[in-house]
Amino acid sequence: MEKNTKVLEEVTIRFAGDSGDGMQLTGTQFTNTTAVLGNDLSTLPDFPAEIRAPAGTTYGVSGFQIHFGSNDILTPGDSCDVLVAMNPAALVTNLSGLRGGGTIIVNTDSFSEKNLRMAGYTSNPVEDGSLAGYQVHPVQISKLTANALEDMNLSTRAIDKSKNFFALGLMYWLYNRPLDQSFKFIDDKFSKKDPQVAEANRRVLQAGYNYGETVEIFTTRFEVKPATLPPGRYRNIMGNSATVLGLVAASQKSGLNLFLGSYPITPASDILHELAALKRFGVKTFQAEDEIGAVCAAIGASYAGNLAVTTTSGPGLALKAEAINLAIMLELPLVVIDVQRGGPSTGLPTKTEQADLMQAIYGRNGESPICVLAAATPAECFKMVYEACRIAIKYMTPVICLTDGYLANGAEPWQIPNADELPEIPVSFARDPEGFQPYARDKDTLARPWAIPGTAGLEHRIGGLEKEHLTGNISYDPENHDLMVRMRADKIERIAKDVPHAEIDGPAEGELLVVGWGSTFGSIKSAVRNVRQKGKQVSQLHLRHLNPFPENLGEILYRFKNILVPEINSGQLIKLLRAKYLIPAKGFNRVRGLPLHTEELEAAIEEIIGGNNG
Amino acid sequence: MAEVTEKPAQEKKLTLKDFQSDQDVRWCPGCGDYSILAQVQRVFPEFDHKRENYVAISGIGCSSRFPYYLDVFGLHGIHGRAPAIASGVKLANPDLNVWVFTGDGDGLSIGGNHLIHMLRRNLDIKIVLFNNEIYGLTKGQYSPTSVIGQVTKSTPGGSLDYPFIPVTLALGAETTFVARTMDRDPKHLQEMIRRAEQHRGSAFLEIYQNCNVFNDGAFFQFTEKESRADNVVYLEHGKPLVFGKAKDKGIRVNGFTPEVVSIADGSHSVSDLLVHNEEDTTLAAILADMTRNPGLPRPMGVFLADKRETYDAALTRQVAKARAGAADTDLQALLDGEETWVIQ
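Line order of the protein sequences matches chains A and B.
Counted from 1, the first sequence has number 235 at position 236 by numbering that gives the first Met the number 0; the numbering is strictly sequential.
Counted from 1, the second sequence has number 343 at position 344 by numbering that gives the first Met the number 0; the numbering is strictly sequential.
Among the hints, erroneous ones may be present.
[Unchecked claim] Listed below are the simulated BS3-like cross-link pairs for lysine-lysine, each with C-alpha atoms no more than 27 Å apart in a straight line:
| no. | chain 1 | residue 1 | chain 2 | residue 2 |
| --- | --- | --- | --- | --- |
| 1 | A | Lys142 | A | Lys160 |
| 2 | B | Lys320 | A | Lys191 |
| 3 | A | Lys160 | A | Lys183 |
| 4 | B | Lys238 | A | Lys188 |
| 5 | B | Lys49 | A | Lys192 |
| 6 | B | Lys152 | B | Lys186 |
| 7 | A | Lys142 | A | Lys2 |
| 8 | A | Lys278 | B | Lys320 |
| 9 | A | Lys252 | B | Lys320 |
| 10 | B | Lys320 | B | Lys238 |
| 11 | B | Lys186 | B | Lys238 |
| 12 | A | Lys160 | A | Lys188 |
| 13 | A | Lys382 | A | Lys252 |
| 14 | A | Lys224 | A | Lys252 |
| 15 | A | Lys252 | A | Lys183 |
Treat the hints as calculated values from the structure; they're not laboratory data.
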């Protein structure tokens with residue numbers, strides 16, 4: 000039959016199913032294929048903390064949303080255009096995220112009485128007309144999968160495990176994507192280990208694609224043209240992977256061996272996994288007995304001259320607080336990466352949040368100044384982690400780099416940097432015993448010398464007790480303590496002179512400046528863009544350096560009548576801005592474990608500027 | 000890669016003075032720690048290490064002030080975390096000779112977790128645990144080795160906590176070298192430091208140490224000259240367990256249970272006695288367990304000296320293998336990943 004092709008600028012698709020249905024894999028495959036086609040994209044994996052919650056339950060639903068287009072894609076999308084629901088629980092939990100008139104593809108084979116009941120349906124929504132506001136495509140995915148594998152003599156379980164590839168194949172057909180990327184993936188992943196599984200997945204993927212091509216229910220397929228990204232070489236990357244690359248790059252460019260002390264914690268563990276597989280770059284990873292052991296081992300490695308890193312999430316950062324303070328007292332380089340998640344306590348391990356900012360800056364005993372950075376997008380984790388390493392080494396200080404669950408698992412195209420053009424990170428170990436003093440400072444940076452064990456003539460003692468200025472000996476002298484407290488604070492303040500000025504997107508002064516930090520960048524930029532398209536003026540400023548702030552920040556803030564600070568917390572950056580600059584900033588706070596909704600933020604912006612400009 | 004400058008071979012022999020720092024020693028007069036410091040400073044010069052390759056790591060407590068007084072690279076860390084810090088030092092630079100100085104509170108209470116995991120991994124680190132059965136620096140609370148019923152500031156009605164036997168704990172943590180000595184027997188203390196140094200892997204050395212301020216005399220029956228011979232049995236590899244002022248008593252095992260027998264009254268001879276074997280993990284457990292029996296002499300010496308690859312050597316080997324076998328150690332190739340595309 001005749002099929003039409005319609006060109007779209009952007010689409011948001013959500014794959015949803017049981018946590019055992021392979022939705023993350025399906026989403027990732029669709030993403031990789033879409034990336035290679037040159038679309039801009041942003042993804043949001045949304046999965047439960049339970050590894051395999053009971054099948055059919057609403058709390059066991061795992062989702063993966065991808066927003067892609069031929070224009071500049073900034074967020075994973077407030078709502079989706081297409082929902083692929085592998086069972087009733089996936090439908091009921093994700094329907095509210097589907098726009099009115101959106102498309103639903105359901106696996107009707109899983110709409111059994113039992114599954115309907117578990118999802119809380121009293122009648123089958125596919126048949127009872129309750130989905131009348133949507134375009135519903137019922138597909139017997141399980142049966143069609145089984146048919147495709149009929150002659151292969153596979154177990155029911157093995158057949159069932161392939162059905163996600165049917166959905167993937169169908170979506171590839173619908174959005175005009177080639178199958179090669181996924182064929183290659185199947186080949187790499189399964190061909191050696193289990194050729195039968197590889198063959199089954201290949202067949203089912205093709206069957207899904209063919210189904211779209213031949214059946215009459217899909218009359219239109221869609222095309223999304225490549226995006227006009229800046230020229231260059233690109234790859235698709237998730238935040239945790241970008242973090243790993245940033246660390247290895249900093250290790251290579253500083254000439255220091257990389258040491259990671261870590262303890263498994265969601266959503267940071269992938270950094271440990273990926274670095275553990277990079278021993279060929281001289282990387283040493285140490286899975287410690289606990290979070291404290293992990294950071295302490297990193298401190299030991301730093302003392303001995305490695306580029307030392309510890310990775311964690313909020314609860315782990317809390318446990319590491321005392322040891323981070325030791326690093327502050329010892330004045331040793333240490334990079335702490337906090338992949339924030341929903342809190343407090345165990346909170347929402349697999350969901351995103353920005354509520355560790357205060358913990359990062361202030362969450363330790365005593366006067367404990369520390370440098371804090373935050374990445375704005377998944378790919379930007381590379382740059383900010385590299386920056387964290389540079390600052391830690393240059394200023395002999397721990398640096399906390401904040402990312403979050405959304406950045407960690409979200410993906411976007413990344414313009415790959417040229418390794419040769421990355422800035423060098425100079426390192427100079429103390430070597431000369433003549434006049435050596437462990438706490439003598441560089442006059443510009445106030446950094447003390449890095450004098451590592453094994454250097455003859457530099458034997459000295461350091462520790463957590465207050466240091467005497469210059470000698471580093473134990474000192475209980477009141478004036479010395481006051482001096483050292485100021486010295487440590489001044490050292491961190493001086494970093495402000497060494498980081499880029501804050502930049503304004505939009506008019507340099509006016510009615511409203513929206514100030515954000517971290518992973519809300521895309522939502523804010525997108526909301527600001529939408530408001531501007533309505534002919535109104537609004538400016539945006541996004542902070543990457545949270546402590547110290549860029550030098551010009553205050554001067555910028557004073558130029559605007561209103562300051563709006565959107566955050567995925569109850570208002571943390573806003574407190575810092577108010578305290579430091581004495582400005583009456585307004586907050587926009589949603590703490591749902593999800594990225595901010597562009598539309599809601601848009602409304603908040605419009606409420607402030609009202610009819611005042613444009 | 001940044002490398003440590005190699006100093007030409009030691010020109011002059013190191014002496015005790017080379018290991019004395021310029022800091023005033025601030026332990027209470029009469030503290031057992033002075034003897035331990037003196038023996039360490041006496042023995043360290045004998046070893047085949049450059050002074051700059053020694054690293055002393057500690058946590059918090061009286062014992063943890065030790066690194067300040069030893070003129071080597073020293074890191075006075077935070078409470079209980081010395082084994083974790085030391086692990087990082089050793090893994091970053093396996094050429095360093097790393098020693099941890101800790102106490103019964105620091106090592107067995109707040110730092111118990113780090114200690115047991117470092118021991119089981121068999122990192123090539125020496126752990127010297129000063130056991131005085133009390134918290135000294137916080138002024139006299141009971142510790143995880145204080146005896147049941149011990150009256151301290153925090154246990155006015157007597158301690159209810161059942162104590163650890165440090166050597167038993169170390170054996171349970173799969174430690175490859177476990178030994179015990181005391182502050183008041185300098186020769187034996189020196190010998191045990193030598194033995195710990197010679198071991199490749201985690202070496203755990205417990206030292207009975209008198210806190211003359213908060214727990215004076217806790218070990219006197221074992222440490223004082225007049226009572227020591229009848230209350231201590233020195234373990235020597237390949238030799239029968241004989242003790243007593245007149246060398247008239249010995250340890251025999253009845254089944255798995257050690258018992259004291261006389262070798263003077265004709266009932267038993269030396270050939271009936273248990274012969275020590277440092278490489279026998281079962282025997283080590285039996286000997287360590289003698290600690291709980293007040294009717295038996297307290298074993299001092301090397302309980303176990305076992306051989307197992309160290310964690311640091313294994314990690315170094317794994318990294319070296321990965322580097323040797325890898326064609327793709329190009330940073331650009333790593334950044335590129337598997338799939339790239341070009342936008343003109």
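For each hint, the structure was consulted:
{"no.": "1", "hint": "A:Lys142 / A:Lys160", "result": "13 Å, holds"}
{"no.": "2", "hint": "B:Lys320 / A:Lys191", "result": "24 Å, holds"}
{"no.": "3", "hint": "A:Lys160 / A:Lys183", "result": "19 Å, holds"}
{"no.": "4", "hint": "B:Lys238 / A:Lys188", "result": "60 Å, violated"}
{"no.": "5", "hint": "B:Lys49 / A:Lys192", "result": "51 Å, violated"}
{"no.": "6", "hint": "B:Lys152 / B:Lys186", "result": "35 Å, violated"}
{"no.": "7", "hint": "A:Lys142 / A:Lys2", "result": "25 Å, holds"}
{"no.": "8", "hint": "A:Lys278 / B:Lys320", "result": "9 Å, holds"}
{"no.": "9", "hint": "A:Lys252 / B:Lys320", "result": "23 Å, holds"}
{"no.": "10", "hint": "B:Lys320 / B:Lys238", "result": "43 Å, violated"}
{"no.": "11", "hint": "B:Lys186 / B:Lys238", "result": "19 Å, holds"}
{"no.": "12", "hint": "A:Lys160 / A:Lys188", "result": "15 Å, holds"}
{"no.": "13", "hint": "A:Lys382 / A:Lys252", "result": "13 Å, holds"}
{"no.": "14", "hint": "A:Lys224 / A:Lys252", "result": "38 Å, violated"}
{"no.": "15", "hint": "A:Lys252 / A:Lys183", "result": "33 Å, violated"}
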